[in-house]
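Top to bottom, those sequences are chains A and B. Following numbering that gives the first Met the number 0, the numbering of the first sequence begins with 0 at its first residue and continues without gaps. Following numbering that gives the first Met the number 0, the numbering of the second sequence begins with 0 at its first residue and continues without gaps.
Because the hints were derived from the structure by calculation, they are not lab data. Nothing here was measured: the structure is a model prediction, and the numbers come from that model. Heads up, a few of these hints could be off.
Stated by the list, open to error - Restraint-style ranges between C-beta atoms, simulated for each label pair:
1. A:Leu71 - B:Ser59: 33 to 41 Å
2. B:Gln82 - A:Ala267: 43 to 51 Å
3. A:Leu90 - B:Gly15: 22 to 30 Å
4. A:Leu101 - B:Val16: 19 to 27 Å
By construction, the Cβ of each residue, glycine as well, lies at the ideal position given by its N, Cα and C atoms.
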Amino acid sequence: MKQEEWRLAWLLCAPAVIVMVAVTAWPIVYSVWLSLQRADLKFPQQQEFVGLENYATVLSNDYWWTAFGITLFITVVSVAIELVLGMALALVMHRTLVARGLVRTATLIPYGIVTVVAAFSWRFAWTPKTGYLAEAFAQGAPLTERASALAVIILAEVWKTTPFMALLLMAGLALVPDDLLKAAAMDGAGWWQRFTKVMLPAMKPAILVALLFRTLDAFRIFDNIFVLTAGANETSSVSMLTYNNLIKGLNLGIGSTMSVLIFLAVAAIAFLFVKIFGAAAPGSDDGGRR
Amino acid sequence: MAGIEISALTKEFPGGVQALNGLDLSIADGEFFALLGPSGCGKTTLLRTIAGLETPTSGSVRIGDRDVTRLPPGARNVAMVFQDYALFPHMTIEDNIAYPLKIRRQARETRLKHAHDVGSQLGLDGLMRRRPAELSGGQQQRVALARAVACHPSAFLFDEPLSNLDARLRLEARTFLKRLQRQLGVTTVFVTHDQAEALALADRIAVMEAGRIRQIGTPREVFGRPANTFVAGFIGSTPMNLLPGVVRDGAVLVAAQQLSVLDVPDGEVVVGVRPEYVAVTENGPLAGAVATVENLGTSSLVTVDVDGLSIGAVVPEDREVEPGTRVALNPTRVLVYRDGELVS
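Could you put together the complete structure from these sequences and hints?
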């Protein structure tokens, strides 16, 4: 009887399991396997098992660490700006009484535009002679210098995904009990105190989820950089670098190694958020117990 | 400590809903005052306007000798206990109680000591380091009370303070609340839709309907002599009998039988009499057959059909009658209403 049930359970799960294995598990396993090989399509005859040699190569390489630093920089700066702007937008959307639907729709437009399309508009806008932003704000060509190029990349990233942040935070705002805010007002708390002492703690789970999603997303940034600078002047992210090695350089071994490293970094970020910050979230299953 | 004076208070919400309609109300210093009424009568809006959470459209609110109409809630020196307590889930009990003091920039030592003093006064010893989610409903309510007590306000405002407790706990909390208010002697206004709660707790009750006050009085006055048929129907755990009647030469007639003689002009009236004041006897002016008997514990509510009228009477537990029995009814303390208002 027990065995029968197990068989039925596996049968019922089988379709999902097969699809998951085919589209997720197998590619991951295959990249890990590739990352342990010398596998270069330019020298297909020389494929062999090399152990962790590819990892040593990548991790001792300056290009990798530069790209890693750039990626972290873009991630931290853009997510921080997005959090502040997103919170402001969420508060505006939450408070708006007139034309609420219109305001929300207008706010969401950037998120609805395909990243590549948006990135091209930014590129054209910042191109000297033809671009209106370049004409108005910049001397020279901002996308050809590292600092200004990074600024434009971050600007494009922030413009594009702040609405997403705002949307998640607005869902969190809706969870703040009105009575708590009123009680704080009765106690004499001003607007800022109500925001920091009542709203933010009550919103903590929503803020963490929003930060987690955006951090994971931002760490894998690719399309904005691909269109805006193509990684020139040391503006490559780790995803750009992986793409260059894997698709352009046809070096499957090194490319896969980088993919696996990105995967590990993303997993570490997720672990950090869930285990360290997530544990103290009020309203989670432990009822906020210490 | 201070009394509360409300004059010509009107609150109109956007969309034209008139929640308060030219209210005048005077609450004495140290009084335990109930705002009673069905949902939507404006009682909560009135409380929130006193608190400063709503701004009145016109009229004024004075607490003590200050006009607070335009002051923000935090500047009015009143404390409010919310229906669902509104405890901050991320703070410990002691921090919750001390929060108003924190806003007033008292040192951590001082405010925690004060929080602990108030906490032990309200029987919260041993719970001070916990968080609200770990406490029972009754304990949470006491924490909310402690938070209100801790900041020494000139008035307490309670919004349905007992409605989130189960029936048994509610009685306990009611006694506790009344004792606490007596001890502290702080002017207290509370909102309730439960007439029994208002009768049990309050020194005076304002019965509200549709943004107006229909009667203000002590529990005894409101129960014994409801000023109109609305209050008559609302107060009392068994509904008052409101019977069509006529007055002819001072004689009050229901179902063509004389109930009493009163100094009232002739004409059609509504005769009100509480089931508690209707005696089931052998000889009485009204006669009919018992339709139903509802057990109320120490007494029973007997409904008697008299010439097509259903009249309720409360009988003690050893005087119950079987349905179908013919009985006579002898109403006392008869009230007469004309056009909905009490005339005698």
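Return the numbers of the hints above that this structure violates; sort them in rising order.
1
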